[in-house]
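A.B. asks: Chain by chain, the residues:
2 protein chains.
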Amino acid sequence: MANRVITISREFGSGGRTVGKHTAEKLGIPCYDNELLEKIAEESGLAKEYIAERGEYTPRGGWLATAFADRSVNGLSVQDYLWTVQRKLILELAEKESCVIVGRCADYILEGKADLLKVFIHAPMDKRAERIVKLYGETSESPEKRLRDKDKRRAAYYQFYTDTEWGKSQHYHISLDSDAIGIDRCVDIIAGLY
Amino acid sequence: MANRVITISREFGSGGRTVGKHTAEKLGIPCYDNELLEKIAEESGLAKEYIAERGEYTPRGGWLATAFADRSVNGLSVQDYLWTVQRKLILELAEKESCVIVGRCADYILEGKADLLKVFIHAPMDKRAERIVKLYGETSESPEKRLRDKDKRRAAYYQFYTDTEWGKSQHYHISLDSDAIGIDRCVDIIAGLY
Numbered sequence: 001m002a003n004r005v006i007t008i009s010r011e012f013g014s015g016g017r018t019v020g021k022h023t024a025e026k027l028g029i030p031c032y033d034n035e036l037l038e039k040i041a042e043e044s045g046l047a048k049e050y051i052a053e054r055g056e057y058t059p060r061g062g063w064l065a066t067a068f069a070d071r072s073v074n075g076l077s078v079q080d081y082l083w084t085v086q087r088k089l090i091l092e093l094a095e096k097e098s099c100v101i102v103g104r105c106a107d108y109i110l111e112g113k114a115d116l117l118k119v120f121i122h123a124p125m126d127k128r129a130e131r132i133v134k135l136y137g138e139t140s141e142s143p144e145k146r147l148r149d150k151d152k153r154r155a156a157y158y159q160f161y162t163d164t165e166w167g168k169s170q171h172y173h174i175s176l177d178s179d180a181i182g183i184d185r186c187v188d189i190i191a192g193l194y
Numbered sequence: 001m002a003n004r005v006i007t008i009s010r011e012f013g014s015g016g017r018t019v020g021k022h023t024a025e026k027l028g029i030p031c032y033d034n035e036l037l038e039k040i041a042e043e044s045g046l047a048k049e050y051i052a053e054r055g056e057y058t059p060r061g062g063w064l065a066t067a068f069a070d071r072s073v074n075g076l077s078v079q080d081y082l083w084t085v086q087r088k089l090i091l092e093l094a095e096k097e098s099c100v101i102v103g104r105c106a107d108y109i110l111e112g113k114a115d116l117l118k119v120f121i122h123a124p125m126d127k128r129a130e131r132i133v134k135l136y137g138e139t140s141e142s143p144e145k146r147l148r149d150k151d152k153r154r155a156a157y158y159q160f161y162t163d164t165e166w167g168k169s170q171h172y173h174i175s176l177d178s179d180a181i182g183i184d185r186c187v188d189i190i191a192g193l194y
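As you go down the protein sequences, you meet chains A and B in turn. So for the first sequence, the numbering used here puts the first residue at 1; every next one is plus one. So for the second sequence, the numbering used here puts the first residue at 1; every next one is plus one.
Pulled out of the complex, with its shape left as it was, chain A reads as follows (with noise of 0.2 Å):
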């Protein structure tokens, strides 16, 4: 039997990082976020930071990415070394154990792999604009603005690996507005559904 895994997708500042963490935490099963960043760092080679930033760059995307397109591992660009790196790492965390995966396209790199639970969080662009000002500061650029960008870029990274739309119902089990239904009762739905 396959084991169980929880995949999460997440709008930035919807609070889906700590769904995750709160429901792997019921299920006392692992939760990997920050740690499976380390997992990639570690097998790459590459910075942790570095890793966290360029996750969201397609390739074709922006100044900044074809600043960076030159550059490559093995023959790969480096955003398709790091996708390659990633998917091995999400393959052997899903056949190892039953876990919770935040981000990272799981959902879409163990389509048939395991028996996934495929949950999105998103919440209103006021509320995600409150939580990441609350989060991480105010800075120059406007939380909406700093939203906007962060959406378009995953959007356009999911889209350009997984040939799906980000954040289109359909393709997941479970959407939740954490902002109207709250957090905890988001974790409380998710497990009870495990």
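Worth double-checking, as some hints may not be accurate.
All copies of an identical chain are treated as equivalent in the list; a pair is satisfied when it fits inside any one copy or across any two copies.
[To be verified] Derived lysine-lysine pairs resembling PhoX-like cross-links, with alpha carbons at most 25 Å apart: (1) K152 x K168; (2) K39 x K150; (3) K21 x K96; (4) K150 x K127.
Simulated from the structure, these hints should not be mistaken for laboratory data.
Given chain A, work out where chain B should sit, using these hints.
C.D. replies: Quick look at chain B alone, frame taken from chain A:
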């Protein structure tokens, strides 16, 4: 305090109508689906079958819509006339009592006008195909073709009257895959959130 209204948007063949009916029964509140159609028929003077079918054509949608485009009631196209009647009735229902309303863009019409729980029910194509053949029998067209046509019409209708993308998870408080989760479980979750 505004009445609490659960709106159920759904893919054809996903069992969303059943989810709405059972949720309402569980909560002891009315469910408006066929009843709403009857009210619209009564108020508009148009046949129920005509409304059921017409509610899915956009004013500029294909040759059939064009063939009807010249018909008008009080200077409005038949579709726009139906929309105004439907909108008025849905606002009256929400004003009167807490209830479940299935389809008919009630989520959009009631935004800010009731204490809403906006639900979207979907299911994979193959499961919906099985379901519609079981419920409505075979036709000369394949069930997949019928589903694709219905989906397209609903999406176009929704987009035209609400300027919002149908089935985009960010637009709903909760979206559920009725096949993976099961209809009874969907009912439990929605009733629990009410």
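A.B. asks: So which hints don't hold here, by number, going up?
C.D. replies: Failing hints: none at all.
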